[in-house]
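Chains A and B supply the protein sequences, listed in that same order.
Note that my numbering has the first sequence beginning at 1, numbered continuously upward.
Note that my numbering has the second sequence beginning at 1, numbered continuously upward.
Worth double-checking, as some hints may not be accurate.
[Unchecked claim] Straight-line Cα separation of at most 27 Å, DSSO-like style, residue types lysine-lysine; simulated pairs:
| hint | chain 1 | residue 1 | chain 2 | residue 2 |
| --- | --- | --- | --- | --- |
| 1 | B | K44 | A | K104 |
| 2 | B | K51 | A | K101 |
| 3 | B | K62 | A | K101 |
| 4 | B | K44 | A | K3 |
| 5 | B | K44 | B | K27 |
| 6 | A | K3 | B | K62 |
| 7 | B | K51 | B | K62 |
| 8 | B | K44 | A | K69 |
[To be verified] Over the 10 Å line for every Cβ pair with chain A, so calculated as not near, a few chain B residues:
| hint | residue |
| --- | --- |
| 9 | L11 |
| 10 | H31 |
| 11 | G42 |
| 12 | L115 |
Everything labelled a hint here was simulated from the structure, so no lab data went into it.
Don't be surprised by glycine CBs; every beta carbon is placed ideally from N, CA and C.
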Amino acid sequence: DAKTTQPNSMESNEEEPVHLPCNHSTISGTDYIHWYRQLPSQGPEYVIHGLTSNVNNRMASLAIAEDRKSSTLILHRATLRDAAVYYCTLGGSQGNLIFGKGTKLSVKP
Amino acid sequence: NAGVMQNPRHLVRRRGQEARLRCSPMKGHSHVYWYRQLPEEGLKFMVYLQKENIIDESGMPKERFSAEFPKEGPSILRIQQVVRGDSAAYFCASSPPGRTKETQYFGPGTRLLVL
Chain A
1 DAKTTQPNSM ESNEEEPVHL PCNHSTISGT DYIHWYRQLP SQGPEYVIHG LTSNVNNRMA
61 SLAIAEDRKS STLILHRATL RDAAVYYCTL GGSQGNLIFG KGTKLSVKP
Chain B
1 NAGVMQNPRH LVRRRGQEAR LRCSPMKGHS HVYWYRQLPE EGLKFMVYLQ KENIIDESGM
61 PKERFSAEFP KEGPSILRIQ QVVRGDSAAY FCASSPPGRT KETQYFGPGT RLLVL
C-alpha cells in the first residue's frame, strides 16, 4: 500500500493562505488522494479528494502534480477554526485509507 | 441525513473485561471501516466490512479482536479480555456501495480506557 509524507507541523497567520504539501511517490494509477482534518477529540472530517485534476470546493482547493507523486492542499484564508491536524491519505487495496501522522496546523490571530 | 454514529463515546473497562463498540453507518451506506488511533498517532486501519461479510481484516490483531456487521443493526467491534495497550480512540467510517475508493465519512469515535 502506498504511503504519504507530510511535514509534522506548520504555522499560518489568520486570513492568510496556507499550502499544505504531501508527497506520495508510490501512488498507483487508481489511488484517489484524500485530505481529512481532525480537531482534538473529534473524528476525521472530510476536506477534499481528487484523482488527477485539481479540485475546488467550499472548504479548500487541491492541487495535484502532473505525475501525481505529490499534492498540495490550499486553504485560501486560514481562520482560527482551521487549526487541526491535516491528513493526506491514499486508498489501500480494499479501499481502506492509509493515514500518516499528518501535519499539525497552527493559526495565529 | 444523520452522520455516522458511534456509541458509547467513552468506555472504561478493567483489564480482562470485554469491550463492545457500536457503529451505525450513514443511511444508505453499506461499507464500514474500523480504525484505531493511539495518542499522538495517525489512524490505523483495522477491518473493512460489508453487510454480513468481512472483506479485509488485515489490520486486526490476531487474538481478542473481532468485528461484525449484521444484516440488521450496527457494526460491532468486540475486544475480549482487554489490556492496557488497547486504550485508544476507535473510529468507524462508512461509504456508499460501489464507491470503495472514494470518500469515507467518520464517526466521532469511542475512547476506550483500560484501567
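Each hint, compared with the structure:
1. B/K44 - A/K104: holds, 18 Å
2. B/K51 - A/K101: violated, 31 Å
3. B/K62 - A/K101: With a Cα-Cα distance of about 24 Å, the restraint between B/K62 and A/K101 holds, given a limit of 27 Å.
4. B/K44 - A/K3: Holds - the C-alpha atoms of A/K3 and B/K44 are around 12 Å apart, at most 27 Å.
5. B/K44 - B/K27: Between B/K44 and B/K27 the Cα gap is close to 25 Å, so the pair holds against 27 Å.
6. A/K3 - B/K62: holds, 24 Å
7. B/K51 - B/K62: Holds - the C-alpha atoms of B/K62 and B/K51 are around 22 Å apart, at most 27 Å.
8. B/K44 - A/K69: holds, 22 Å
9. L11: B/L11 clear of chain A: closest Cβ-Cβ about 15 Å, beyond 10 Å.
10. H31: Check fails; 7 Å does not lie beyond 10 Å.
11. G42: violated, 4 Å
12. L115: Label holds. Min Cβ-Cβ 20 Å, cutoff 10 Å.
The structure does not agree with the numbered hints 2, 10, 11 stated previously, though it agrees with the rest.
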